Every structure is written in C-alpha cells, then in structure tokens.
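Colleague: As you go down the protein sequences, you meet chains A and B in turn. For the first sequence, our numbering begins at 1 and goes up steadily by one. For the second sequence, our numbering begins at 1001 and goes up steadily by one.
Do not take every clue at face value.
[Unchecked claim] Partial selection, computed: residues in chain B whose CB lies under 10 Å from chain A:
id	residue
1	Thr-1011
2	Arg-1012
3	Ile-1131
4	Val-1148
5	Thr-1153
6	Leu-1163
7	Gly-1167
8	Phe-1335
It is worth saying that the hints were derived from the structure and are not from the lab. Predicted model, so just to flag it, every value in this text is computed and none were measured. Yeah, the Cβ is synthetic: ideal placement off N, Cα and C, and Gly gets one too.
Protein chains: 2
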Amino acid sequence: RRELLKHHFFTRRIIFGHRDFDKWLEALGKGEKVIVLTGFMPSGTPHLGTAMVFEELKYFQSIGAYVKIVIADAEAYAVRREDRDLTIRFGLEFIKHALAWGLNPEKAEFYFQTAMSEAYYRLIQMFSRKITMAEMEAIYGDLSPAKVVSALTQVADILHPELEEFGGFKHVLVPVGVDQDPHLRLARDVADRFEGELGLTRPSSTYHKLLRGLDGNKMSKSRPDFAIFLDESEEAIRKKIAMALTGGRATAEEQRKLGGEPWKCMVFELYTYFLLNDKELNELREECVKGRILCGECKRIAIEKLVERIREHRKRYMEINENLAIDRIVKKPSF
Amino acid sequence: RRELLKHHFFTRRIIFGHRDFDKWLEALGKGEKVIVLTGFMPSGTPHLGTAMVFEELKYFQSIGAYVKIVIADAEAYAVRREDRDLTIRFGLEFIKHALAWGLNPEKAEFYFQTAMSEAYYRLIQMFSRKITMAEMEAIYGDLSPAKVVSALTQVADILHPELEEFGGFKHVLVPVGVDQDPHLRLARDVADRFEGELGLTRPSSTYHKLLRGLDGNKMSKSRPDFAIFLDESEEAIRKKIAMALTGGRATAEEQRKLGGEPWKCMVFELYTYFLLNDKELNELREECVKGRILCGECKRIAIEKLVERIREHRKRYMEINENLAIDRIVKKPSF
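Please build the complete structure, drawing on both the sequences and the hints.
Modeller: Structure below.
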C-alpha cells in the first residue's frame, strides 16, 4: 500500500492527515469499487489552489479510482447568492479547465447539484429526518433555510455514490482541506444513522494543506492580485510572481551571509506544490538556505516554469473549448 | 361566475372564504389554463374528512379544472417519522380511494414528493435563498431541518405547476382548511420574490370548514372511534353513528316539546356535507327543530344513506383495486 503513496503530495506532507484512508486503500487494493468525490464552487475561473485539487484527482485516477465531481451550483445560488446563469456558465468553464489540466474524462463524471435525478434529492429529504438543528449549528453557526438545505445537499453529494442508482460505490473518499472536516463528520454520522435503512457506510477523507496566495494569506478569487488563475496571461504571471512574498533577507549581502528562509517563501511553496521533482527541490532548498541563490534569480526560474505549465494548460484548454461536446460530459440544468 | 358556485359546499358555507378565488374563476371563465392542487398525508386509510376534499376536487373537475394531487410522503417520512414503505403503500391506497370516490383520472394527476423530476427539486433549493428563518418560525414555531425542508417542499408543491416543465399553469388554486393559510401566505410571498427570475405568480386558495368527528372534536385517524373510514364495515358504521353526538334533548318528551338543535349535531353535519340535497336537508332541519323527528330515527336514516354511499364506494374500490394499472397512474419512488 505504501507504494501507492509515492506522489509528492504525500511525500512532501501536503496531504497530511486522513480518516479511514487506509480502509479505502485496502478496498482499492482488493479491486473493489472505489470512488473519489469532490465539489467545486462555480463562482469564477479556477486558480492554482483549485489546480492542486485537479492534481490530487489525477493522482487518484492514476492509481485506479473513479472520480465524481460536484458543481455546487445550488449552494452558490442559495448561500453565496450568485447569479444563476453565471453559476452555470462558470460550472461549464470549470469542467473544461479540469480536463485541460489533465483529468481523464474516461474515469470522471461531473454533475450540477440542481440537475440530478430524484434518488439524490430523496436523500436530502430523508436525511433531514435524522439531523438536528443543534448538530447543524455546531458546524455552520447561525442557520438560514439556504444553509440547512445546502448542508443536506452536501451530505447527499458525499453519500449518494453508495446507492445502487449511482454506482453502488461502498468506498467513497473525499479529499478536502482540513477546514472541511466538520462536513465530513456530519456525513459520517448520517451514514451511521442510515446504515440499516439504506445500507450506507462512512466515507473516508484525506486532508491537504491549502496553497496560499502570493502574499502568504489565503489564495482566493476575492484577492486576485495574490492568486494565479488558470487563464492568466504570461505578463500577469510574471508581474505577480515578481511581487511575491519570499523568505529573502533585507539585503542581498545579508542573504548571501545568512541564507534565505524557504519555509517562509511563497515561490518555494509553488515549487513544492507544482514545479519541481524531489531532486530539483532539494537542490534548490540547499542553494537558498546556503545563500547561493537570491530571490530574483529564483523567481525567474519559477516564472519560466509556471508560464510554461500555464501555456501548456491554455493550449489544451483551447482545444477542449473548440472540440468538446460539453453536453455529452455533463447535464445542464434546464433553468 | 355565480353559476359556477352552486355546489352545496358553497351554498351551505362549508367553503366559507378565499384569497383571489375570483381571479382564478375569471381565468377559468376565459378558458385559460387553470389547475387545482392539493396534498395528502399518506399515513392511513382516508376517512370522511378526506372524502370531503375528494368531493371538492370532483366539483372543480366538473367546472373544467385540471387537478394535481401531492402524496406528501417526504413530509410523512421526515417530519411525522412514518415508516417509508408504509408511507408509499398508503399513498397508493389513497389514489385508489380517490378514484373510487369518483375523481376523474382523465383530469387528474398524482405524484409522490420523493419521485419528482429535477426541476421541482431545483425550486426547493432556489426557494431556500429567499426565505428567512424568522419567516418560517412565525409559521412553524421551533424548526428542525426536517421542517425546513418540508416547508420548502410544500411551497414547491404549490408553485411548480406554474413552470413550463410542469404544464405552465399560471392560475393555481389550493383548497384548504383555514389552519393551512400560513403556508399559502408563505407560497404567495415566495411567488412574489421569484416573479422576475422565474415568472411565478401568486396562488389562489379557498378555505373550507373541517368535518368534525362523531364526538364533535376533530375527525382524525388518531381517534378512530369517532372517525368513519372509507374502508369501514357496515357494522362499524352502524355502531359509530349510533354513538354519535347529536343536538337532542335529555328526554324524548323534552325533545318533542323544545325540538332538537341540529347546529350541535354531528349526524346533521354528515347530512350537510354528504347525504342530502337542499330540499331534503331543509325538511329534515324543520322536522328536527320542531321536535317531530327524534335522534334515533334520524340516525337510522343517516346510517342507511351512509352505508349505501360507502357500499358503492367499496364496490368501485374493489374494481379499481383489481383492474387499475397503478404504475400508469403514478410513478413510485425507487426506494
């Protein structure tokens, strides 16, 4: 099983924790039906934080898992109060970007929360019976009807693949950021409560660090200056990385003497997540810590590598955008 | 339009109030697409209180309306915590009884809340955005997740026939007991809020008195001794009516002198709702008030008439039960 965990997200501790991942791996090893499920909020163009999840999904596909991807349009509309048409449009864009980043469409399935079939919605209605307001408030704080419906929808997202109607996958794995764990615990509780009635079992989960923005805070579309979007121009990437927070010292002289601090550096974070193999990464860290490479040069390397990666992405995106019969990939909501 | 309102439910003020019924009648008069919608809780065999609604629906069919009937199985399961298999079985029974009572299947449609198509559920998710907890609490008191989902489902029941997907009926009429008015007000508010986005318009409603049980309190399946069920045996009907609360005096002598008080009498209530035409009813009231007929004899008449009505119902029910392809009438939930 260790063999399966050689991806750099594991070796570099980007994925740092789990619940019942071992059980899921065991099922995978035995050739049982396993699935990886994750959801995305369709509220803008994906950035590198999203691409990190694409990477995870590609990895899980590569070791034999089927992947199911939720476009959380119901939540975007009701809780985040996004425009519905935009939400659908962003959802379709999202799918194109996921495929352009390299997700294998043969082993993946996408769906809009508002375009599912009735057995999925039936779960939302049924789950409502066995969850209390107190349990939901413990997770979501003050509740609105929109949050209640959204939370139940999320639990249905996580558990519906276990139904015969949706493939009967008894082993569901949900890779998330650790901030999402309360939802997973809710889904596990619901699975327990419907074990007898619907034969549900607890989902597994892995927890990954969140790629930070170029200023060291959260990478978010609401702070576009510090995020790198997958449709970003070469020029914009160059500018943004040039401005990124590093672990460099106050002066070049000082840095040559004391060395840089890569653990504080957002450029090094990009290397860690996306850009270098283990050997390159170790060498670069060494060069940095010993003061043999300065931030300017290091950034130039990062820029070239990232520009190349995004260029390749853009090329595949353009092909997909022209040739993809999106209607065959996903069912669009009728209104 | 007055012509349309000659049914004894109107002339006897059993239907005693409305919201925008005149608008609905006007649309009907103009030959526009109108619909009557009502819902039933599938938690037991229908009784005469339910049959009263069947009567209303038959009447609305007779003046040209299409009828849509909700089997509220999601609510029965989640809020009333009924067994799901039983709920589905009672729902199917309910449909047979409605048809046996005389509802025209050519002008009616039944559905289970948990077996609808996605556009209906999408409404539930969308409506959640524009309803507050405070509004729901004002109607339902303390909320549970089940009540929140149920309330939104109910609003979707009332408003979904307006969608093109479901017939595009712009004039929905909901005949209810007056205790249901808060739900109607909620549905009207939601219609207003989605007028722009989805083109919804306010539903109309009529309000009927609720047939009481034989002891003068609510007719309910939870007090079976005082309710008359549509699958009741002749013997049980005889016994129950013999025990019914009447407007009779302490002694026969006194009653001959002072006369009975039909307005206090549950047997007279049955006559008013179901058993007599206007001429007969007036004569009987006269006989009673003048002390010329005593309760024993009056009950015997009621028993014969009701037994006959139920016998006719049972005969039609048996035929339907044997010959009805229920799968062609309603889509059953898959689990």
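Colleague: Look at each hint and say if it fits the structure.
Modeller: Each hint, compared with the structure:
With a cut of 10 Å, the hint placing Thr-1011 (chain B) at the interface with chain A is violated, because the nearest CB-to-CB distance is about 41 Å. Interface restraint check: Arg-1012 (chain B) against chain A, minimum CB-CB distance 39 Å, threshold 10 Å, status violated. The beta carbon of Ile-1131 (chain B) is positioned within 10 Å of a beta carbon in chain A (closest approach about 5 Å), and the interface hint is therefore held. Proximity of Val-1148 (chain B) to chain A holds as hinted, the smallest CB-CB distance being about 5 Å (cut-off 10 Å).
For Thr-1153 (chain B), the interface hint holds, the least distance from its beta-carbon to any beta-carbon of chain A being 7 Å, beneath 10 Å. Here the hint on Leu-1163 (chain B) is kept, as its CB sits about 8 Å from the closest CB of chain A, short of 10 Å. Annotation: interface hint on Gly-1167 (chain B) violated; nearest CB of chain A at approximately 15 Å, more than 10 Å. For Phe-1335 (chain B), the shortest C-beta to C-beta distance to chain A is roughly 7 Å, which falls under 10 Å, so the interface hint holds.
In terms of the numbered hints stated before, the structure departs from hints 1, 2, 7, listed from lowest to highest.
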